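S.K.: Quick mapping for you: the protein sequence lines, in order, are chains A and B.
Using my numbering, the first residue of the first sequence is number 1, and each one after it goes up by one.
Using my numbering, the first residue of the second sequence is number 1, and each one after it goes up by one.
Among the hints, erroneous ones may be present.
Result set (BS3-like, lysine-lysine): computed pairs, CA atoms no more than 25 Å apart in a straight line [claimed, not checked]:
{"id": "1", "chain 1": "A", "residue 1": "LYS441", "chain 2": "B", "residue 2": "LYS107"}
{"id": "2", "chain 1": "B", "residue 1": "LYS112", "chain 2": "A", "residue 2": "LYS632"}
{"id": "3", "chain 1": "A", "residue 1": "LYS473", "chain 2": "B", "residue 2": "LYS112"}
{"id": "4", "chain 1": "A", "residue 1": "LYS622", "chain 2": "B", "residue 2": "LYS33"}
{"id": "5", "chain 1": "B", "residue 1": "LYS107", "chain 2": "A", "residue 2": "LYS622"}
{"id": "6", "chain 1": "B", "residue 1": "LYS112", "chain 2": "A", "residue 2": "LYS441"}
{"id": "7", "chain 1": "A", "residue 1": "LYS618", "chain 2": "A", "residue 2": "LYS632"}
{"id": "8", "chain 1": "A", "residue 1": "LYS639", "chain 2": "A", "residue 2": "LYS608"}
{"id": "9", "chain 1": "A", "residue 1": "LYS437", "chain 2": "B", "residue 2": "LYS112"}
{"id": "10", "chain 1": "B", "residue 1": "LYS77", "chain 2": "A", "residue 2": "LYS352"}
Since the hints were derived computationally from the structure, they do not count as laboratory data.
Note that this is a predicted model, so its numbers are computed, not measured.
Residue-level listing of the chains:
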Amino acid sequence: MPKKDASLKLNRRRFLTAAAVAGASGAVNPAKAANPAEPQQRLPSALPPNAHIAAAETGVPDIPPYAGEGQPGSDFMVDVIKTLDIKYLPANPASSYRAIHESLINYGKNTMPEFLTCTHEEVGVGIAHGYYKIANKPLMTLCHGTVGLMHATMNIYDAFCDRAPVIVLAGNDLDAAHRPPGVPTVHSAQDINAIVRDYTKWDDTPVSAQHFAQSFVRAYQIATTPPFAPVVISLDDGLATEPVRDYGQKLYIPKFVPTAAPAGEQGAVREAARLLVNAEHPVIVADRAVNTEKGIALLVQLAELLQAPVVRQRGRLNIPNTHYLSRPATVIPQADVILGLELTDYWDTVNKFVDNNAEGVGTNSSRIKPDTKLISISTLQLMTKSNYQEFQRFQSVDVPIAGDVEATLPSLIEAVKYALTDDRKNVAAQRGQAIRKDHDKGRDGTRQAAAIAWDASPISTARLCMELYAQIKDFDWSLVPSSGDVSGWPLRLWAMDKHYHWTGTSGGYGVGWGCPASVGGALANRDEGRFSVSIQSDGDLMYVPGALWTAARHKIPMLSVMHNNRGYHQEVMHVQRLSNFRNRLANTGNDLGPIGTSIMNPDIEYHKLAESMGWWAKGPIKDPAELGPAIKEAIAVVKSGQPALLNVWTQPR
Amino acid sequence: MQSVRVYLVPALFAVSVMLVLHPANAASVDNGKAAFVAHGCWQCHGFEGQGSVTTSGGRVIADTQLPADAFSAYVRKPSGAMPPFSAAILSDADLADIYAYLEARPKPQAGKDIPLLNP
Numbered sequence: 001m002p003k004k005d006a007s008l009k010l011n012r013r014r015f016l017t018a019a020a021v022a023g024a025s026g027a028v029n030p031a032k033a034a035n036p037a038e039p040q041q042r043l044p045s046a047l048p049p050n051a052h053i054a055a056a057e058t059g060v061p062d063i064p065p066y067a068g069e070g071q072p073g074s075d076f077m078v079d080v081i082k083t084l085d086i087k088y089l090p091a092n093p094a095s096s097y098r099a100i101h102e103s104l105i106n107y108g109k110n111t112m113p114e115f116l117t118c119t120h121e122e123v124g125v126g127i128a129h130g131y132y133k134i135a136n137k138p139l140m141t142l143c144h145g146t147v148g149l150m151h152a153t154m155n156i157y158d159a160f161c162d163r164a165p166v167i168v169l170a171g172n173d174l175d176a177a178h179r180p181p182g183v184p185t186v187h188s189a190q191d192i193n194a195i196v197r198d199y200t201k202w203d204d205t206p207v208s209a210q211h212f213a214q215s216f217v218r219a220y221q222i223a224t225t226p227p228f229a230p231v232v233i234s235l236d237d238g239l240a241t242e243p244v245r246d247y248g249q250k251l252y253i254p255k256f257v258p259t260a261a262p263a264g265e266q267g268a269v270r271e272a273a274r275l276l277v278n279a280e281h282p283v284i285v286a287d288r289a290v291n292t293e294k295g296i297a298l299l300v301q302l303a304e305l306l307q308a309p310v311v312r313q314r315g316r317l318n319i320p321n322t323h324y325l326s327r328p329a330t331v332i333p334q335a336d337v338i339l340g341l342e343l344t345d346y347w348d349t350v351n352k353f354v355d356n357n358a359e360g361v362g363t364n365s366s367r368i369k370p371d372t373k374l375i376s377i378s379t380l381q382l383m384t385k386s387n388y389q390e391f392q393r394f395q396s397v398d399v400p401i402a403g404d405v406e407a408t409l410p411s412l413i414e415a416v417k418y419a420l421t422d423d424r425k426n427v428a429a430q431r432g433q434a435i436r437k438d439h440d441k442g443r444d445g446t447r448q449a450a451a452i453a454w455d456a457s458p459i460s461t462a463r464l465c466m467e468l469y470a471q472i473k474d475f476d477w478s479l480v481p482s483s484g485d486v487s488g489w490p491l492r493l494w495a496m497d498k499h500y501h502w503t504g505t506s507g508g509y510g511v512g513w514g515c516p517a518s519v520g521g522a523l524a525n526r527d528e529g530r531f532s533v534s535i536q537s538d539g540d541l542m543y544v545p546g547a548l549w550t551a552a553r554h555k556i557p558m559l560s561v562m563h564n565n566r567g568y569h570q571e572v573m574h575v576q577r578l579s580n581f582r583n584r585l586a587n588t589g590n591d592l593g594p595i596g597t598s599i600m601n602p603d604i605e606y607h608k609l610a611e612s613m614g615w616w617a618k619g620p621i622k623d624p625a626e627l628g629p630a631i632k633e634a635i636a637v638v639k640s641g642q643p644a645l646l647n648v649w650t651q652p653r
Numbered sequence: 001m002q003s004v005r006v007y008l009v010p011a012l013f014a015v016s017v018m019l020v021l022h023p024a025n026a027a028s029v030d031n032g033k034a035a036f037v038a039h040g041c042w043q044c045h046g047f048e049g050q051g052s053v054t055t056s057g058g059r060v061i062a063d064t065q066l067p068a069d070a071f072s073a074y075v076r077k078p079s080g081a082m083p084p085f086s087a088a089i090l091s092d093a094d095l096a097d098i099y100a101y102l103e104a105r106p107k108p109q110a111g112k113d114i115p116l117l118n119p
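So here's chain A without its partners, still in its complex pose (with noise of 0.2 Å):
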């Protein structure tokens, strides 16, 4: 990049500082900002100190060395970035930020960040994204202006579905006078962070280094407090390139304390016990309720206090699969009273969509009883964004609670506990009784289905999954966030109690999210001495398959056992009901499934694929008994330190 005219930058730089400053609310005493929070007074509570407290209390004032006045503004955005628990970098090299490249790996010793070399920057969210689900701690990605945070979309969008907080930013130059031509103008914009808008929780455009600072500690904190979704910063080349100026007022880096959750409302609190105990069928719907070990212990307590079923959907364990109160959605339709936590979507909980004709209105029908109570807590409505549709239908609900699950269980199991009487108790025992041996049923038709084709070739997908199981039950293992969808075996016969034994799925169902969103768990779990299993499906891998190398290269082990059905599958089954419905015979071509949809002829390779990025494989695995043996190999390689794959051809689902 040329050199710019020194004078001129600093005008523009002065120029924008000024519009920054005009834009606060108010002037900010940089000395005073640099402290701590002032001590907050405590309100009485009987619950222990969150984070939020316990941090304010306890926290020392840590201001540490920062680059000064004349050094790169890229070194004092390090020293910001450093402040915060954000422990590596997945991300795809790009000019657009050269600066903060070159300041982290070589300034900041490339620690704390570290840099993990990506393919396309959809891997580096997607690691960031499934990182989040096993640590709950959020990574930050850098994308290259323009065209780099166009291929991160997709990723960002499922993040922002799923409720994952991930931070980026996005690099740009927005002097357009100053500024290379050709490319790096191609690669600018005036707002380069509108693509994502819709789609993020929070974005901002810093003009300066002590805006950058207030920016990026505000981004972390916004992205980390429920609902948790990604955020994005624009990092302008001019402003990381340049030296840093303070303009006279010495720049300081705001102390992040972590923000409270939302807790719901106690009266709303109160009336959903009050519900919940006098209910006969009380029923407990969790989706993205709760991922800490801690949130499923809570949902545990309450659910044993009602003797309530849990039907867990899929976004999060939520509560373990083997308690006995775990069970199945056809328990819905016997509720009087329902809650619905953190749920994707509560019109589907409570009533049935069938796709079931050619113009594609389908059918609609209730599931429930029409005198039902419905109760929901969910950080939903703290959402503001309305462009994009992953709210769902609005379903209307008798005592909607806004507010962060986990944070609000401790009071409603208080309230719980308050309202129960001997009388209820007694009843919620007899209930319990019920449904432990409905579970027990539940458990042994589960087995059995799984039985059907257990010797067929393709291999079915109850046999992968507990050929699977078998080898990895003793270790402290992890179903790493992947795409695979395997009729949902192995939440139905592995034994799951940890938040890490399953964490949910995309969120927006993008394809190209599984294969790098495994290598971030599997990154979380290296840290932690997991071992990480993902069941790999064949047409998600095929959009970022450079994520294997980025695990080979980082030296992160995991074992990816392929769903290989040679298709598109759900596009397969689409194709073939439009067919029916509308009285034509599919249209296969030489393939399997109507053209288009087939992933075969010619057949992909993808053991050769993995191979050629590093990683030690095996396929394709046709024969179900040679599954076992290929996956002790497996588990050796990995053992050892190194990713493995097993290309496996399956049935459908």
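Take the given structure of chain A and dock chain B to it, following the hints.
M.R.: Positioned in the frame of chain A, the structure of chain B alone reads:
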């Protein structure tokens, strides 16, 4: 199609009945398998009719206990999410052979007897 359900035939006559029916039965089963694949039944029900909770509501059609006429009637005019297969796209003969193929699927072992299903 009831004739293929040899398990209903008294044991004394089983061998002779199978000898008589086997050629036609085998052809029917083979053709049924081809039709099962060509018409996309495998997509939701699996190649062995094992079904899936995500695509067939968990319904298993291998060794279905439905009589042939009830099976055919459902395929022609299904309820729920399954799309209809009219005679214009799936002939009565192919439908009958599909039924034969499903009835010929090997009976599964009991789940309790498969060690991997009892970890």
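S.K.: Among the hints numbered above, which are violated by the structure, and what are their numbers in rising order?
M.R.: none
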